[in-house]
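J.: Sequence:
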Amino acid sequence: MLGAIFLIGFVLLFVFGVFDFLHDRERIENFFNDSGLFGPVLYILAFVAAQPLSLPGAALIIPATFVWSWWEVFVYSMLGGIIASSIGFFVSRWLVQDWVRKRLPQRFVGWEKRFVNHALLSTIALRVVTGYAPAADWFLGISKVRWREFLIGTIIGLIPVTFLFSYYGDDTVRWVQNAPVIALAVSLAVILSIAGFKRYKSRTEAI
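Residue numbers (this note's numbering): 3 to 209.
Simulated from the structure, these hints should not be mistaken for lab results. Do not take every clue at face value.
Below, simulated DSBU-like cross-link-like pairs (lysine-lysine); rule was C-alpha separation at most 35 Å, straight line [as the list claims (entries may be wrong)]: (1) Lys115 <-> Lys104; (2) Lys146 <-> Lys115; (3) Lys104 <-> Lys146.
Being a predicted model, the structure only gives us computed values, none of them experimental.
From just these sequences and the hints, can you work out the full model?
T.: Right under this line is the structure:
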């Protein structure tokens, strides 16, 4: 049933040209420029609509930098991202959590327990690496991570990538394309820092 709903939604979006619009930077820029005071609201709604379709957040953030100041883009993108992620989280939890968990291999369940034991830091690390990827919302919804940890971890974890795209715009994409090793190294450094903090905290609590 759920799969049929998503399939129908995809077909309708394709027929009405939504996919083409969300992949056309110039059209996005012109649209928000012509939207006036309603622009921010429409931007947030577009962000919410794009996320479940696995469209990258940068597809909207970068064109928006030509319409609004970087801090406005940052605020609007964070709001849109948090709302979209929350929808993905609750849809996953309410509709498919029980069905999926019954079919998970035991090895994955053990790994998920370790993830949940440090839910906040684990969620932050996941967000830093995956950014606005809807798959992260679905995974967190299926897991036993609580809403509080999900929300706080999502907000903190999305700040770095949202700031980079909002402040640097196109330069961020060029930097990642021209220096993928450096980009990967930065991501790994963040993950290792969080892991080190978790280990230090565990040892401190043990003492």
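J.: Does each hint fit the structure? Answer for all of them.
T.: Status of the hints after comparison with the structure:
1. Lys115 <-> Lys104: 15 Å, holds
2. Lys146 <-> Lys115: Roughly 8 Å separates the two Cα atoms, so the pair holds.
3. Lys104 <-> Lys146: 13 Å, holds
Checked against the numbered hints listed earlier, the structure breaks none of them; every hint is satisfied.
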